[in-house]
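**Q** Numbers in the working numbering are just positions in the sequence shown, counted from 1, shifted up by 120.
It should be emphasised that the hints constitute simulated quantities derived from the structure, not laboratory data. None of the values given here were measured: they were computed from a predicted structure. Cβ coordinates follow ideal geometry from the N, Cα and C atoms, glycine included. Accuracy of the hints is not assured; some may be wrong.
DEER-style ranges, computed between Cβ atoms [said to hold, decoys possible]:
(1) Thr149 - Lys237: 20 to 28 Å
(2) Gly212 - Lys173: 51 to 59 Å
(3) Phe162 - Phe187: 28 to 36 Å
(4) Leu170 - Lys237: 39 to 47 Å
(5) Phe146 - Val221: 30 to 38 Å
(6) Gly220 - Lys175: 43 to 51 Å
(7) Ile123 - Leu170: 15 to 23 Å
Taking lysine-lysine pairs in the DSSO-like style, the calculated list, with each CA pair at most 27 Å apart, reads [stated by the list, open to error]:
(8) Lys173 - Lys186
(9) Lys235 - Lys186
(10) Lys186 - Lys175
(11) Lys186 - Lys237
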Amino acid sequence: MEIIGMGFVAFFMLLGSFLGRILGQFIGTGGDVGGVGLAMLFMVLTVNYLENKGKMFKPRTENGIKFLSALYIPIIVAMAARLNVIGAINGGLVAILAGGVATIGAMFLVPLLSKLKK
Numbered sequence: 121m122e123i124i125g126m127g128f129v130a131f132f133m134l135l136g137s138f139l140g141r142i143l144g145q146f147i148g149t150g151g152d153v154g155g156v157g158l159a160m161l162f163m164v165l166t167v168n169y170l171e172n173k174g175k176m177f178k179p180r181t182e183n184g185i186k187f188l189s190a191l192y193i194p195i196i197v198a199m200a201a202r203l204n205v206i207g208a209i210n211g212g213l214v215a216i217l218a219g220g221v222a223t224i225g226a227m228f229l230v231p232l233l234s235k236l237k238k
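Could you build all of it, start to finish, from the sequences and the hints given here?
**A** This is the structure in structure tokens:
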């Protein structure tokens with residue numbers, strides 16, 4: 121069922137967020153450091169492990185994972201962009217300029233990467 125796939129993603133998000141907060145406390149930032157990255161890493165490693173063992177997901181479970189992952193990445197990018205804008209405004213003109221150059225550079229890379237995929 122799709123709900124099992126969504127639960128699978130949610131479990132790894134909670135695990136990654138928990139470990140990210142512990143890492144944040146350990147280095148003294150007081151926030152989540154890399155929780156989303158850890159969640160994605162755990163999920164990829166687990167799926168690869170299960171596939172190597174021959175335990176494939178049912179198609180409906182895969183649909184749940186694909187559905188939530190399609191929503192997951194844009195939401196995380198939007199959250200990170202919001203935090204980066206606040207940090208840039210507090211950091212001054214150089215931070216805003218660096219962020220703008222990186223964003224515009226990434227926009228120019230999108231067409232190039234889409235041509236490489238074809």
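**Q** When you take the CB atoms of Phe162 and Phe187, is the distance between them in 28 to 36 Å?
**A** violated (19 Å)
**Q** Given a hinted range of 43 to 51 Å, is it respected by the beta-carbon distance of Gly220 and Lys175?
**A** Given range 43 to 51 Å: holds, Cβ gap about 47 Å.
**Q** Checking one constraint from the list: CA of Lys186 to CA of Lys175, max 27 Å. Satisfied?
**A** holds (18 Å)
**Q** Please work out if Lys235 and Lys186 have their alpha carbons no farther apart than 27 Å.
**A** Holds: Lys235 and Lys186 sit about 24 Å apart, inside 27 Å.
**Q** Quick check: does the Cβ-Cβ distance between Leu170 and Lys237 fall within 39 to 47 Å?
**A** violated (27 Å)
**Q** Holds or violated: Lys173 and Lys186, Cα atoms, limit 27 Å.
**A** holds (21 Å)
**Q** Given the hint of 15 to 23 Å, check if Ile123 and Leu170 actually sit that far apart at their C-beta atoms.
**A** Holds: the Cβ-Cβ distance is about 18 Å, inside 15 to 23 Å.
**Q** Compare the distance between the alpha carbons of Lys186 and Lys237 with 27 Å, and conclude whether the hinted pair is satisfied.
**A** holds (20 Å)
**Q** Is the gap between the beta carbons of Thr149 and Lys237 within 20 to 28 Å?
**A** violated (36 Å)
**Q** I want to verify a distance hint. Is the separation of the beta carbons of Phe146 and Val221 within 30 to 38 Å?
**A** holds (32 Å)
**Q** Cβ-Cβ distance between Gly212 and Lys173: within 51 to 59 Å?
**A** Taking Cβ atoms as reference, Gly212 and Lys173 lie about 52 Å apart, which means the hint holds.
Figure legend: structure checked against the earlier numbered hints; hints not met, in rising order: 1, 3, 4.
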